[in-house]
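S.K.: Given next are the chains, with one letter for each unit.
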Amino acid sequence: MNEPASLWLLLVQFAQMSLVICLAPLLTGLVRKVKARLQRRRGPPLLQPYRDLRRLMLKQVVLAENASWLFRVVPYLMLSITWVAAALVPTFATGLMFNWTGDLIAIAGLLGAARFAQALAALDIGTSFGGIGSSREVMFASLAEPATMMIILCVALVAGSTQLSTIADHMANGAVGLRVSLALALIALIIVALAENARIPVDNPATHLELTMVHEAMVLEYSGRHLAMIDLAAFLKLLLYLSLIGCIFFPFGIAQAGAGPEYYLIGLAFYVMKLMLGGVLLGVFEMSIAKLRVFRVPNFLGAGFMLGLLGVLLLYVSRGM
Amino acid sequence: MNLMAEAILAALPSWFDPLLGILLIPLGAAAILALLPGYRVSAGVNIAASLISLACAATMLIARPQSHAFLIVDDFNIVFILLNTFIAFTTSVFSASYIAHELETGRLTAWHLRFYHAMFQLMMFGMNLALAANNIGLMWVAVELATLTTVLMVGIYRTHEALEAAWKYFILGSVGIALALFGTILVYLAARPVVGEGLDAMVWTTLVAHANGLDPSLLNIAFVFLLLGYGTKVGLAPLHAWLPDAHAESPTPISAVLSGLLLNVALYALLRFKILLAANSAAIAPGPLLIGLGLLSLIFAGFMLYRRRDIKRMFAYSSIEHMGIIVFAFGMAGPLGNLAGLLQMTMHSLTKSAIFFTVGHISQVKGTQRMADMGGLTTSHPFLGWLLVAGVAAIAGLPPFGVFTSEFLIVTTTFARAPWLAVLFVFGLLLAFGALLLRLTDVAFGEVKGPAGPVSASYLPAVAHLTLVLAAGIWLPPRLVAWFEHVAAMLG
Amino acid sequence: MNGIAFDISHMLAGFLVLLSFLMLYQVRLLPLLNVLAAHAFVLAMSVAWQAHTQDAPHLYITAAIALGFKAILVPMVLRRMVVRMGIHREIETVVGIGLTMLAGMALVALSLEVMLPLTAKAEPVVREDIALALSVVLIGLLMMVTRRNAVSQVVGFMSLENGINLAATGARGMPLVVEISVAFSVLIAFIVIGIFLFRIREQFDTVDVGVLDTFRGGLR
Amino acid sequence: MAYWANGLPAGAALALTAALFHVFNHSVFKSLLFFGSGAVLTATGERDMEHLGGLIHRMPKTAFAFLVGCAAISALPPLNGFVSEWLTFQAIVLNPDLPQWGLKIAIPADGALLALSAALAAACFVKAFGVCFLGRPRSTQAASAREVDYFSLAPMFILAAICLLAGVLPGVVVDSLEPVTTSILGGRMPTQLGDRWLSLVPMSAGRSSYNGLLVFLFITASTLIVVFLVHRFASNAIRRSAAWDCGFPDPRPETQYTAESFAQPIRRVFGSVVFRTREVVDMPLPGDMRPARITRFARDVAWDGLYIPVAAAVGAMADWMNVLQFLTIRQYLAFVFIALVALLTALALWQ
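Line by line, the protein sequences are chains X, F, D and B. The first sequence begins at 201 in this note's numbering and counts up one residue at a time. The second sequence begins at 70 in this note's numbering and counts up one residue at a time. The third sequence begins at 65 in this note's numbering and counts up one residue at a time. The fourth sequence begins at 4 in this note's numbering and counts up one residue at a time.
Here are the computed lysine to any residue pairs in the SDA-like style, where the Cα-Cα straight-line distance is at most 25 Å:
1) B:64 x X:263
2) X:259 x B:238
3) B:107 x X:379
4) B:64 x X:272
5) X:235 x X:254
These are computed hints drawn from the structure, not numbers from a lab.
I would like the entire structure built from these sequences, with the hints used as guidance.
M.R.: This is how it looks when you write it as structure tokens:
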């Protein structure tokens, strides 16, 4: 650690971790509220996700006969991995104590691990729903992951490092200016975020229609506390992507490393405001577009991948000028 | 080693001159064999004569007889003489069992046998004379005698194809020989003003001594004629037409001798004149001519290998390909190039004759030479099949065997001096490699085709040759390398 | 070599080249054999004359061989064989007679162009002999290449061999000339016997027509 | 190679270490996976994935080791596969200002291909593990499989441990590779072990670093917290019942996803480009009782594009040359004649 491990820094780190896990359900509640409002209905209250989680936590778990130990271990794994990934992303301040443990690639890797575990759990029961869910998820991943890598490459080339906090600092105060490749990377990141979080154009989070669901198909067999953990992991993932977009592309207001507590509060305020804005935008976007056919999604994700690659190429080429 | 040498020398009677030995013994044996009726005895005499001439050649290795106007033994031709006599000996052992089988099947009658053995020894006499000749005219006559005897042997089966092959060989051979003679006359003409008229203008040693004084332009013309003349006998590409048919239609011991020995003798004659030309600074460098012909025959034979149906004809084309490689190596010249050429020639003779030994027995067992009708050899005749596989692996130039070492040396020298040439060379090698292995898999592996009866074969010669080649591939004794390097320096 | 001797040997060699051209011109087999006999006779004369001028007695033996064997014996045997075996009399040429003559002309020019600047140092008679000998050799080869009949190709080979004999004798003091000419005559003897033994009728290209179709067409 | 050619020893050392690290990793987890498949083969006598399934219930230990292998090969963070991929990415990101234009395009393309292959590997091993070990057994042998003996289990677990250790302590491996890079390239990566908390620092601390140990500790810590919280507050009642069958009570194992159907989406996305795959669906008309069939045609583009044309060219050339075997003696003589005349004219002109 770059300065003596004082209790204060540890405290800030834990504050970030707990903040992340508390805000996640609120964000999803907000998105659902916005969508309902746009459909001219009142919709569930903002805190409904918290109540759902509590209800699921207390309910009894119904396991299929064929479920193995893997099926029961996966929810815990998924929640902890996603929570670690979310904790690594700087929210209200950069340069936190554990920032150098993992960079952007580590976060992508952790998300990959969570997806890997979930796909396996889906196959465990041996019903065709799990199969359809995981095979489609794996197909989307085989396009989304390269796109993520391209975005990371692009951003790393601009900022000179793959470390998230250094990227955020560089973006915040570096004379970055408006770069075409960064814009391309942003659009690609949005496309990947939509695919990863199973939002509308790629997959409908609210549906139970066998043919269309991907994410829901994988978690069909889960119930009780397992389902609660998986839902929480999903909420965390959505929050992670929004904070990722926030800290890389809109870093204003984020507190610099080692700044006083009052900067943290300002940073926190900006962060919450960014989240709310992101949630609303996501709700509006989901309302304005219909779900793509499953085999049109590869073109959609392919476009993301191409944009990322184009961004990187532009960076390589422009640097040579 | 030299302790043992002194012991042998002391034992030898003083009058015995090994040089005359390697000439008179085959001649005498030929005369005797012409009279011997019984097959078993004549085969024995044949083997004995070859063994004695091999012994003489070996003693010559130790105690070098002094050369005179007509006969010479120097470092250069001792390599060829030793190789010739050794392979002749192993071929005579092989031909004993091969001919016995031919007698049973009735393809050859007793009268043929007498003629065959006499011609065999006469051919040996012709070749040894050609190798030992110091006088280029004498060398020409000897090569012509060897050609004549082999033509008669090619036509021994008297089938239509055999006669047609013998006829083609005869005509092309005679035209080649005639051109070579014209070349020899031109060399004499070039030497006459410098060395003076008469016999010593034809003696090779004096020619080399005065090489620089000879008229270069006349030498060039002479070399062109000699290249085309003796080149026909070496079987280089545009002049090769007689070789595949002669090999395919003649009895296998003869095709083994043809590709193992006769090609080398003709190459030896060509190299004698190359030394002459290289010694004369003003004359054109023989290198490019040799490289051109060598490369042409390598690539041509490589392509022709793919469509062959007769197994012996395929290995005949492989001989053309390897003579192309050897001539290419000597064309590259330089110490490493010549060394590689010599090594490649030795390895090729040993491997190719071993292959022909196995192919001889295979065609006897399967009763045919068409590759389509023979298959699954490693299952029907395991020892024979695996011997063939080893032989083909060696000839294709796979690593453990000596052929790979020499080809490797050639490629290194060529890459050092002319990379694009090396690319062409390697392309030719790959072509031949592909064709040979493609054919081998049909014949050696797969399900058994053709009769699978027991075969009474003498495996010893083929095994002896392949072990020698394998040994050369793994470790070359320093004395041998020094000896070859000295010869390579001579070759210029 | 005073003027007269040079002129005679030059005249004989030139006459030999003329006969070679005459051979190219022949259309029927029997007259071709007569020209061959004349060709060998002139060779014998020139060898004898060389023997006389170079006072090399052994050359007379070569002259005798050339006269007896090649001028008389071989053409006679060939003629009887052609008559008795009914070998096809008409000479089929690959390329028209006119074109072959032109090619022959070009070959003579080539050999003169190649040989003469070379042997500048040697005596004029030797240069003449070698140049003309080369042209006879080339014409002989041309004849072998452009004729379809077996016998006419053998005649081409013999004329080629005569050219080489001329060169050998022209090279003053060349040893072993006798042995070489003996070896060659043995060769020719074998060829002639070969024709008779194997009964070559139609195409020299194959032993006999029957063989033609079985062995073309990729059986090999 | 590119960095070395452009005289960047540090970058070259990093790239070479990444490559060597991956070679080491590959040998570890690939042999682990092979041991696993060997164990499955001995236990069930089956190699075809379509006949396996549900082995996790009967061979739990092999399944666990195989799972660690699959996770490692799919480059998932705590394990070693991820570290070598991470190092390779660092090498790619390292310095984009290479002079050669070709490299400017090639390096990002490399990055893209690397990412694509990592993702596809993950997909492949989800399929491998899911179809073989999870779900319900598709054949009697799979149903009656028994766990293999400890002798074959031991190597698997040792290798799995190595995977985890190399993933958690990459510094150890990188430093052991250091003599190799110095001997080959002269340059070397900064020593890793000296750094606090053993984090992997490819170039300089400021740029980027990855700490395998802490990530692993983080994951275990948060898992423990979650487990503690859930077991503390949530109910831990469990009830077993039949899986959701959406109204079609058909227990046959064939209704599960097989390896073929699992890969069908990916094949449809990538296959048409790479292997020219074409799927023909034969749907019977309504009322016609014969089963619908879907047939798939795939072509190996490399085989058709490269090998066959070369073989055909050599064959054609061989055919064309083959004519030369069947000429007449006169034509062969013509070759000799032409060669002679050509050489003589060359000499005449040359002299």
